[in-house]
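So the protein sequences, as listed, match chains A and B. Residue 427 in numbering that gives the first Met the number 0 sits at position 428 of the first sequence, with consecutive numbering throughout. Residue 221 in numbering that gives the first Met the number 0 sits at position 222 of the second sequence, with consecutive numbering throughout.
Honestly, the hints are just simulated from the structure, not real lab data. Among the hints, erroneous ones may be present.
To be verified - Keeping only pairs whose Cα atoms sit at most 27 Å apart, straight-line, the calculated DSS-like set for lysine-lysine is:
1) K125(B) x K469(A)
2) K156(B) x K374(A)
3) K119(B) x K374(A)
4) K373(A) x K273(A)
5) K119(B) x K103(B)
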Amino acid sequence: MTGYLFLALIVFSVASFMFGRSLARRKAASQGVRGHSLPAFSGWFVAIWSFIPAALILFVLVVFGGRVENTIVQADVPAAVQQLPELNQGLFFQDVRATVNGGMASTTVYDGELKAAFDHKVAQAKSVDNTITLGAYALTLILALAGAAFAYSRLSPQFRARNSVERWVSAFLVACSVVAILTTLGIILSLLWESLRFFQSVSPLDFLFGTHWSPQIAMRADQVGSSGGFGAVPLFVGTFLIMIIAMCVAAPVGLYSAIYLSEYASPFMRAWIKPVLEILAGVPTVVYGFFAALVVGPSFREFFNWLGAFMPGTPMGEYLMNVQNQMALVAGVVMGIMLIPFVSSLSDDIINSVPQSLRDGSLAMGATRSETIKKVVLPAALPGISGAMLLAVSRAVGETMIVTMAAGLQAKATLNPLDTVTTVTVQIVTLLTGDQEFDSPKTLAAFGLGLTLFAVTLALNLIAQRIVQKYQEQYD
Amino acid sequence: MKLYTRPLYAPDTSIGKPRDPSMTTSATTPKFVARDVKVYYGDKPALHGIDIDILDKSVTAFIGPSGCGKSTFLRCLNRMNDTIPSARVEGTILLDGEDLNDRKVDPVVLRARVGMVFQKPNPFPKTIYENVAYGPKIHGLATSKEEMDHIVESSLKKASLWNEVSDRLHQQGTGLSGGQQQRLVIARAIAVGPEVILMDEPCSALDPIATAKIEELIDELRQQFCIVIVTHSMAQAARVSQKTAFFHLGNLVEVGNTEDIFTNPKDQRTQDYITGRFG
Chain A
0 MTGYLFLALI VFSVASFMFG RSLARRKAAS QGVRGHSLPA FSGWFVAIWS
50 FIPAALILFV LVVFGGRVEN TIVQADVPAA VQQLPELNQG LFFQDVRATV
100 NGGMASTTVY DGELKAAFDH KVAQAKSVDN TITLGAYALT LILALAGAAF
150 AYSRLSPQFR ARNSVERWVS AFLVACSVVA ILTTLGIILS LLWESLRFFQ
200 SVSPLDFLFG THWSPQIAMR ADQVGSSGGF GAVPLFVGTF LIMIIAMCVA
250 APVGLYSAIY LSEYASPFMR AWIKPVLEIL AGVPTVVYGF FAALVVGPSF
300 REFFNWLGAF MPGTPMGEYL MNVQNQMALV AGVVMGIMLI PFVSSLSDDI
350 INSVPQSLRD GSLAMGATRS ETIKKVVLPA ALPGISGAML LAVSRAVGET
400 MIVTMAAGLQ AKATLNPLDT VTTVTVQIVT LLTGDQEFDS PKTLAAFGLG
450 LTLFAVTLAL NLIAQRIVQK YQEQYD
Chain B
0 MKLYTRPLYA PDTSIGKPRD PSMTTSATTP KFVARDVKVY YGDKPALHGI
50 DIDILDKSVT AFIGPSGCGK STFLRCLNRM NDTIPSARVE GTILLDGEDL
100 NDRKVDPVVL RARVGMVFQK PNPFPKTIYE NVAYGPKIHG LATSKEEMDH
150 IVESSLKKAS LWNEVSDRLH QQGTGLSGGQ QQRLVIARAI AVGPEVILMD
200 EPCSALDPIA TAKIEELIDE LRQQFCIVIV THSMAQAARV SQKTAFFHLG
250 NLVEVGNTED IFTNPKDQRT QDYITGRFG
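Extracted from the complex, chain A is given alone in its bound form (with noise of 0.2 Å):
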């Protein structure tokens, strides 16, 4: 029913729009002016006053009718169902809705007086409905012909719809920002606020610093292993180790095929090397993810096993021997690998963002082409590029899938690149896979994780921005 008052209310405007123009040209004709805007403008004024009043009272139904339902039919609780557990008292109500709304009702059976206040409430909850349903609807009719009725009113040649569009239209674009901002909001608080319940139970200090990671809570006070540790140290540590592996391979290798794409390529190999980068680009993450378990890891193991080999008996071939698919090295030089393409287009743009003007000045001076980036154009661009690694650092650090399949689940303080590590990311999707309820620590400390996973890509970005603006400033 909404669904076509909506419709109605759509066509309604259409109408309202051919309406508006006609009338605003006959009036202008009828004094023989020209207006002050053009027609159309006039029938977008009353469109829009038809329109929008009425369609925001439709939304509001949409999404507070049923809550404001719930509150006022549970507000007084029928003596026999505050008898029963506040669990039942709640499926109660549920099952009152799902009978008025045509949901799913549970299979609970009520009977006796139970049955009587269950009909009551249902009795009730249909004609809260009814009012709320018909009010609503009744005022989008209103609102709607109100709108129009006050548009039509406003209409003359000498009236500046014109200029009333264009605050409508600018309203509309404020609006469109103001989602994504409490969006972005939201996200942050529901963060903040489930990490303070974890830091209800679990000492920030120990988090923090503490450097025993296992996110076990036993069920039972006698269980083994009943206490928890939830220091995030060895997570941060995998993590950053990972990071430094990936930048290791991406940064150099990014950058000189930036170099080489922008300072030496001829146009052809470019329109070469461009697009399969970016094909590189495009491949999805969990991609890369069994490529480092499937390929990249195995191949690494045979290669170690096989340099122990040659050791034998000293505790350095002994360690190379029973080393495992999964380590930090694979993971991160798959993540490098992953990164290339980041890292080279970003410094390719700042690259080519160095005027041509200083490298003709330096070819002038009789500099060879590599003394000139070397000396000329990489100073140039340093802040950039700068500002370009740290943005790879920060996808790093948030990368996830990659991890999740080659770098393995043991947390462990180590900087062996050998070694199985596991990550923060790795341990957020550990945490919450599978049923969990939202209550343990066990869970919480995802958010944990989260919000200081958040504020260090956050800081990165920020450092990385506002390097980067310094630069566009000097030469634009």
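Given chain A, work out where chain B should sit, using these hints.
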């Protein structure tokens, strides 16, 4: 007539060293001899065969309407057109008797001998000192800090900038005014000890006072260098140059003594241009 020539072929150990005193060239000796120089951008011809002699120790001005090829020809003189992938140069240009388009010529060495100053001042984002020291450093002209200091100071003096910046050599070159930046760039070009300085509309981004200073400087530098300047201002060409060449639609229409070109042009097109009938 082949006088003293310095080998253009790398490695050239004589860059930046004081010139051989026996190498006495004068304002009557041609520094460049260009014959039938043609330039194409892709398939599009930009210059249709230029023949010109450019004298040493004097200022030669290239004038002509926009797109006439004067900058293109200027860039042939130190092979800066090499940096444009689609550009192709034909014909011969002799520098002190040697063909600078020869395959054996190293453009890096050539450009150390034939410096260039561009339309927009383009100091590197480094300090004033580092800007001037850039060329000497890459060519290894100074063996000690004192020598480098000396090169920087004398180059800045020659570019009449020393008095204005001697107390702030270690500040950013990009912080100078436009006119000072242009003189800094000239000092930078002088520092590698070139024989020729090419200037591509060096004053077009400057105000009249800065322009006057640069023109004064050009007149002084003429004692030591062969200077070729591209300019849109006919008044400037008349003020600073001894020889003027008029380019039109990729052709060299007329070249001669500046006085003659401006008072008594032989070609109708030159006459039209200098009297402002087209431009």
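Which of the numbered hints above does this structure break?
Number 5 only.
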